[in-house]
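*Asks:* So the chains spell out like this:
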Amino acid sequence: MTRETAAAMAAALADGTTTSVALTQAHLDRIAAVDGAVHAFLHVDAEGALAAAARSDERRAEGAVASPLDGVPIAVKDVLATEGLPTTCGSRILEGWIPPYDATVVTRLRAAGLPILGKTNMDEFAMGSSTEHSAYGPTHNPWDLDRIPGGSGGGSAAAVAAFEAPLALGTDTGGSIRQPGAVTGTVGVKPTYGGVSRYGLVAMANSLDQVGPVTRTVLDSALLHELIGGHDPRDSTSVDAPLPDLVGAARRGAEGDMSGVRIGVITELGGDGWQPGVMARFQESLDLLVAAGAEVVEVSCPSFVHALATYYLIMPCEASSNLAKFDAMRYGLRVLPEGVDSPSAEDVMRATRDAGFGDEVKRRIILGTYALSSGYYDAYYGKAQKVRTLIQRDFDAAFGKVDVLVSPTAPTTAFRLGEKLDDPLAMYLNDLATIPANLAGVPGISVPSGLADEDGLPAGFQVLAPALADDRLYRVGAALEAGLTEKWGGPLLAQAPDLSGES
Amino acid sequence: MSATLVGYDDVLAAYDPAIGLEVHVELNTATKMFCGCPAVFGGEPNTQVCPTCLGLPGAMPAVNGKAVESAIRIGLALNCDIAEWCRFARKNYFYPDMPKNFQTSQYDEPIAFDGWMDVDLDGETFRVEIERAHMEEDTGKSLHMGGATGRIHGADYSLVDYNRAGIPLIEIVTRPIMGAGARAPEIARAYVSQLRDLIVALGVSEARMDQGNLRADVNLSLAPRGTGTLGTRTETKNVNSFRSVERAVRYEMQRHAAVLDGGGSILQETRHWHEDTGVTTSGREKSDAEDYRYFPEPDLVPVAPSREWVDELRGTLPENPVARRARLQADWGYTDLEMRDVVASGALVVIEETIAAGASAQAARKWWLAELGRRANDAGVELTEVGVTPAQVAAVQALVDARTINDKLARQVFDGLIAGEGTPEEIVATRGLAVVSDDGALGAAVDAAIAANPDVAAKIRDGKHAAAGALIGAVMKEMRGQADAARVRELVLEKLA
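Protein chains in written order, with numbering that gives the first Met the number 0: chain A, 0 to 502; chain B, 0 to 496.
So here's chain B without its partners, still in its complex pose:
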């Protein structure tokens, strides 16, 4: 069942969108938020557990100092104030994957608050205000068995894996972002993408959206154009890629407008994003029925980071992203337009890593934006999820530079890498992709091309060297693209001198 949508331009003619983003970052600390269990992704179900993260009767939490440190560094990088004193709170609700039937989180005393992040959008800067960043623990994971969908409805039974329970999370919440107009979807995407870059630079999380290390909930509301008010919002969950963030905002804008145009009102609810169909569907209704009965966690003492420690952590922050982009652009020699494309594609970090692995700046940009960008787009995934690493891109470029392969063959090497056929060198060998520069094989092909195209050969003999291209093309075709084009040209001109 798909909802009625209003055309995007029509939405903007009548309404102003307001967006809000809640991003959960799973920290990469060695141990969980409140116990000594390894905070590892995956593993045999229920092997990374202890009395505390299983919520056994009597077990108590103790705060992971490293997680507090990561939270403070994230807060500082987002220009937040860091609380001098704050507490954890219990968020009470029943769910089978919650070991204690309450989540230990923070409520009205977040560790970091009142910050901002400048989002770069095609060279324009858009300031996103950060309301808060707080610490909490992850829940376990329910696996619904049987049934067709893997979802809870229709499942025969469910299993719960508590390995994830207690892994530290930082939830970063923006203030409503107003005034974005038509660019709201792009700003939402750019914010999440640049926030991820920041988290990666801080080194506090693997920050992979496909792995759930970074999860975004997208809030959207529409207000009648020009009123400056906030409408009723919906919160869309399960938005697991930058691209989906943009699409989900756009979709919800069009859906809200259709409801409002029809004289209806928006239900404040949680909605689920469906990557495959590109639509949202209603989840549980958020109403007064959902009362989390927050109160301060009595088993934990308040967190009171000293100002000396906060200052010390401030000294460990990575370069400011805006300054960093300017520095990289200068280092790489990209034009403004090129740099804008790189940032918009979320390719900054992969390009940096590719250059670090030995590729030239122009080659790195060419592969990530053109070839791999196209593949990512076709597959509907992020560049980081396309199946090729920056080191591999650099290795492919090295083969091109050594004239072992050419750009066209390189595409086939990428095919092999995505298919998991081994290293670029192995793929060149097993697929037989190396260009032929051996004069014996090339000479025979050149002779055949001359024989088949006597009129072209005659023109070249008459000194019209530009005509050589036709013969080179014939040779390349004969040799299925694997000929060394430069050597073929030399042979043609030698033979017809």
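So here's chain A without its partners, still in its complex pose:
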């Protein structure tokens, strides 16, 4: 039952062949069986999930189903506030913190009747591309347990890839949904900036962060996206406009007709230095879309080469300020400095932040604090905002010519745990292809494109659309997924190791 898609699970609930309690218990059993090896979860809430499942079954018995996914369980990235459930953001500094409130997306999940299985692992405060920066130990890639599951949302992607959850929520600041999707053979969507409420998302970089779906199919993402999306008065950056018909777009795309769709290949994202197996799967996917009737052209976005540098100024600036609140005064870890009699508040703040933050977090706080300092602001933050505008203009120009832009999601397949841990710049390069969408606020999806020949590991195909045109992601993504699934003779994840004997 756990290997079905969320849509199939919803259908089974609807026709009475299963119950939410049975479905939720099956996932809890799977978590118990494999999570010792995968470590996708930081916290499992069996009791809460089963209680929510029982309520879902009651509603269904009364004919009062709350949503199309009522009763289908879900995992939530630990960066989203959940009332009554620990929320650590993968950091020691929030160990033991239990929020007194729900993030808006969590409120919407609860209202829609989805039992929450637990909270998934992540790089500390979503800073990383491998989930190795979690203070609670890394998550392992279900395709090869010695490899990284991507990051920062490696826990959500691995949970979905390992059939521990049919659905998960992730957050994407520079690729944290899409890159883990690519390296675990799952689907990940970063909606249009403002398309999904950020209220209750513990911010890394407020102008870049978005909450989005992590699933095994394009249709499942569309179903989840429609549940969590839409205006929220508590997030004033959220868009006050109705969502496009995402589920409809996914269903239409799955019919496989791409005629009239213009696809632009971003020339700056790919080629030399990119893993040949990743490029081969990308080209194969393109050919398939052409065969389905799409028109493919090359499009240059010259400012994209500056995207990484721009991102590594804007993101740390915002992060350095966001993370200032973790000071031991109101919640979370409190460390008293050693050898100090009656320490002052400042002494306690210093000792707590020193002990509570990991190296990558400290690195970004220092970077951001420096870049915002008097005398440097114009040269760094100010200049980065100007380049950001140029990147947005590149997108505007490109979308004047094509309906969607495409690229490989990440330059490589999953690397080995520890391989890039001591080389931050190499780690940052993983997000080369995903970062421009965050800087411009446009939506993106990563769909599995197959396994690279050289290592047999999953690669991802990224589709980007203009802001508010998220439906295009689902149409093109579903068409590609349909074509590839037919070619493979089943979903890509059917080829992943079973893991049952691992824990």
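Read the hints as simulated data drawn from the structure, not as lab findings.
Honestly, I wouldn't trust all of these hints.
To be verified - Only part of the chain B face toward chain A is listed, based on derived beta-carbon distances under 10 Å:
1. V62
2. F93
3. Y94
4. F112
5. D298
6. V300
7. A303
Computed from a predicted model, the values in this text were never measured in an experiment.
Every residue gets a Cβ at the ideal spot worked out from N, C-alpha and C, and that includes glycine.
Given chain A's structure and the hints, the job is docking chain B onto it.
*Replies:* Below, chain B without anything else, positioned relative to chain A:
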């Protein structure tokens, strides 16, 4: 430790002062700047809080439209331009009473800018230029427990109350006010006082300095006389009354001059005003070390008030203060000199309210300027803080008009009001202050006075009625001031006819 001071006239002989005022106005909106919590003063600590104003991880701000409206109305009343588009900014610094360790404020894009206010000083008008008025949120409040002073040094521990965190503030900043010379302290006071009147008239704040609704920071610098330059400034905080604004400017002028005369240089720093001793002391040093790392608040969309809305708000502004003063003077029939005294004493609003409560214009002026003005001065507080309300003053005057009490007894009624003994009527009853006009009691006292002063009585019998005053005085003394003087005179003349 008190600083060396230079005599005030000597300061002016050698230097030109420049003053600058930063006034924080706490708005009276129903809810806080960025969340739905009640924006109320006081209350059980940490009861008016939510994830947003506590700065909990993940919580986000949303702008209070009513606060923006108040900010625009203040800006318009100060003749400012209103930004077509402006953003909030984060002011980053660590402090335990700051929930997020940054304050959401405005930096280089204030909602209102480039305005002015005409300050009336003894009939002369002095134009104060307004640089900007911007929106921001208040911080929480640290309470330092234990220790002798209630200050952070020497405290055993500190508690933080976040009820105030997130209450909307408007900060109004003047350009340097130059050319005021000897009148700099008075102008500073008059500016803050008249700004308060304006805020009260706008109805956007309770604007009580003693409650911290209105807080003034006073910047002062001295430049060598006639050079037209600006010297190094100090910023004096904690100046919590109009009177203190004047005193703090005067004190800093005298202190700066002493430092400069001695060949020293002024340290650009924050100083604290001490109401009790009338001096300033050094606070934290403002230097390059204090870098707030401002950047635009990414969680909030820009504020872009439409021109239609701004015009609509312009239509809701109260009367221009200068025109208003002229109208009130005419209505009340005050002379120029009387009106000047009223404005200088900051009594305009209380007198207006007293007249509205039924007192005559002359009676209202008499009580507020003479009797209550003296009490305020003695206590070192504002008229509004003296402990008597305009309605009470009108009620006291009504008792005088009804000849229940006289002016002298009225002073004792004010004593009772300040002591919280009840309404004026209750105080008259419990203190036994009503004048005696009963002929039985008065007649006996008059008879006694005549018997004790036979020579005076003889003069009155001879028709010298002017001598009656001596007998009336004796009766009043006998009856401890509570006799109806007019009736006593009648009785004296009747008995000695």
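*Asks:* Where does the structure disagree with the numbered hints, that is, which hint numbers, in rising order?
*Replies:* Hints 4, 7 not satisfied by this model.
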